[in-house]
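Asks: So the protein sequences, as listed, match chains R and U. Quick note: to get my numbering, add 208 to the position in the first sequence (first position is 1). Quick note: to get my numbering, add 208 to the position in the second sequence (first position is 1).
Think of the hints as simulated: they come from the structure by calculation, not from any bench. A couple of the hints might just be wrong.
Repeated chains share a single entry, so a pair holds when one copy, or any two copies, can fit it.
As the list claims (entries may be wrong) - SDA-like cross-link-like pairs, simulated, lysine to any residue; straight-line CA separation at most 25 Å:
1) 304 - 330
2) 323 - 250
3) 306 - 241
4) 304 - 229
5) 213 - 330
6) 281 - 331
Treat the numbers as computed from the prediction; the structure is a model and nothing was measured.
Number of protein chains: 2
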Amino acid sequence: MPTIKRIDHIAILVDDLDGTLDFWRDALGLPLAHTEENPAEQAKIAFLPAGDSEIELVKPTTDDSGLARYLEKRGPGMHHICLEVDDLEGMLAQLKEKGIQLINEEPRLGSGGKKYAFIHPKSAHGVMVELYELPG
Amino acid sequence: MPTIKRIDHIAILVDDLDGTLDFWRDALGLPLAHTEENPAEQAKIAFLPAGDSEIELVKPTTDDSGLARYLEKRGPGMHHICLEVDDLEGMLAQLKEKGIQLINEEPRLGSGGKKYAFIHPKSAHGVMVELYELPG
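Please model the entire structure based on the sequences and the hints provided.
Replies: Structural data, given as structure tokens:
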């Protein structure tokens, strides 16, 4: 059976990356591991490890992406939670069997060889859930 | 220096605990560790461990609590993120020094002897952040 291993990250949508780092890095003291541009998401992302998980601060870099529209509509705040799973294809099959609506029916390939897929918030009662399978 | 150790939990506000467990427990396969009534929060809470953290599903049990009003206004979804800190009083002092607005200026005492405090979402750029110090 495919198994959730841990919370990989919490993604927080921000309109000002430096201003938000004032809180997470400078006030709370979380380390800033790195930042990267993500052209696919049209966003700049700051990664701050917390124990076995990460806080990701996501700043849209264009005005017309899905993230930018979400930010404009709902304002800055938590955007999604990402869970690591040991077998993403198996999990997606299990979810479909249970009638869960997926944004990505098949795993997509992200940076560093990780596989990911999003579950539709409708099926997760208002929460955007991402699943990761990390390369072994 | 007070240090964030990990993400303790993500709290998700729900309007139907059983319906939401259909997703988190029955479809994703997360274990349901236990549920408890929390009279202070006027909520029933389901705890689902994920690695070193937990997903908490929070269902208001009255219509007029802060949680119930938040649910009515924003709908079901992520409510707050809780970080474990090794020294809560030290962290609150550090946050005040940095000009961060706190909901709880002093640690409050929760179940099992844990100390907790909430940071105001204004200072955390739209995110409700809770801090825990667990009994040693």
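Asks: Are the hints correct? Go through all of them and say.
Replies: Each hint tested on the structure:
no., hint, verdict
1, 304 - 330, "within (14 Å within a copy, 39 Å between copies)"
2, 323 - 250, "within (19 Å within a copy, 40 Å between copies)"
3, 306 - 241, "between (37 Å within a copy, 22 Å between copies)"
4, 304 - 229, "between (38 Å within a copy, 16 Å between copies)"
5, 213 - 330, "within (23 Å within a copy, 32 Å between copies)"
6, 281 - 331, "both (21 Å within a copy, 20 Å between copies)"
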